[in-house]
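K.L.:
Sequence:
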Amino acid sequence: MKSIILLLCITVFVVAEETYDTSSDNINLDEVLGNERLITSYSKCLINQGPCTPEVKKLKDVLPEVLETRCAKCSEKQKQKGKQLVNEIKNKNPEIWKQLVAYYDPQGKYEEAFQDFLKS
Numbered sequence: 650m651k652s653i654i655l656l657l658c659i660t661v662f663v664v665a666e667e668t669y670d671t672s673s674d675n676i677n678l679d680e681v682l683g684n685e686r687l688i689t690s691y692s693k694c695l696i697n698q699g700p701c702t703p704e705v706k707k708l709k710d711v712l713p714e715v716l717e718t719r720c721a722k723c724s725e726k727q728k729q730k731g732k733q734l735v736n737e738i739k740n741k742n743p744e745i746w747k748q749l750v751a752y753y754d755p756q757g758k759y760e761e762a763f764q765d766f767l768k769s
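For the sequence shown, this note's numbering gives the first residue as 650, with consecutive numbering after it.
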């Protein structure tokens with residue numbers, strides 16, 4: 650019996666470690682996207698040109714891995730919000746989008762995978 654409980658505990662721990670922190674999943678993304686000051690501030694944080702809030706710092710810390718793994722550890726909600734965020738930034742703030750791409754993917758090695766992610 651102890652072996653089964655231990656195995657279940659280990660399984661829960663491993664599964665929990667396979668996804669990113671979901672504590673920021675309930676952020677009102679429409680509110681953020683409707684505020685140019687926040688978009689500018691957050692984008693400056695992401696490219697090391699300004700201070701970071703704790704929430705954006707968390708994103709900044711995992712963003713290289715997210716790009717490299719095609720968001721493999723993202724929850725469905727994180728994937729949905731990520732797609733919404735990217736599409737809004739690309740369409741409404743193309744200069745900010747260019748800065749982010751230049752910073753995180755200067756050689757374009759994630760472009761094809763990223764487009765596949767957006768289509769999924």
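Simulated from the structure, these hints should not be mistaken for lab results. Don't take every hint at face value.
Estimated spans, in silico, between C-beta atoms of each pair [to be verified]:
#	residue 1	residue 2	range
1	Pro700	Lys768	28 to 38 Å
2	Lys706	Gln748	26 to 36 Å
3	Lys722	Gln764	31 to 41 Å
4	Glu744	Thr668	14 to 24 Å
5	Trp746	Val711	24 to 34 Å
6	Glu685	Ala721	13 to 23 Å
7	Glu744	Glu667	30 to 40 Å
Where a beta carbon is used, it is the ideal one built from N, C-alpha and C, also for glycine.
K.L.:
Confirm or reject each hint.
P.N.:
Hints, verified against the model:
For Pro700 paired with Lys768, a C-beta distance near 34 Å keeps the hint of 28 to 38 Å intact. For Lys706 and Gln748, the hinted distance range of 26 to 36 Å is not satisfied, since their beta carbons lie about 18 Å from each other. Distance hint for Lys722 and Gln764: a CB-CB separation of about 20 Å, inconsistent with the stated range 31 to 41 Å. Between Glu744 and Thr668 the Cβ separation comes to about 32 Å, which falls outside the hinted range of 14 to 24 Å.
Roughly 19 Å separates the CB atoms of Trp746 and Val711, a value that falls outside the hinted 24 to 34 Å. Between Glu685 and Ala721 the C-beta distance comes to about 32 Å, which lies outside the given range of 13 to 23 Å. The given range of 30 to 40 Å is respected by Glu744 and Glu667, whose C-beta atoms sit roughly 36 Å from each other.
Hint compliance for this structure: hints 2, 3, 4, 5, 6 are broken, all remaining hints hold.
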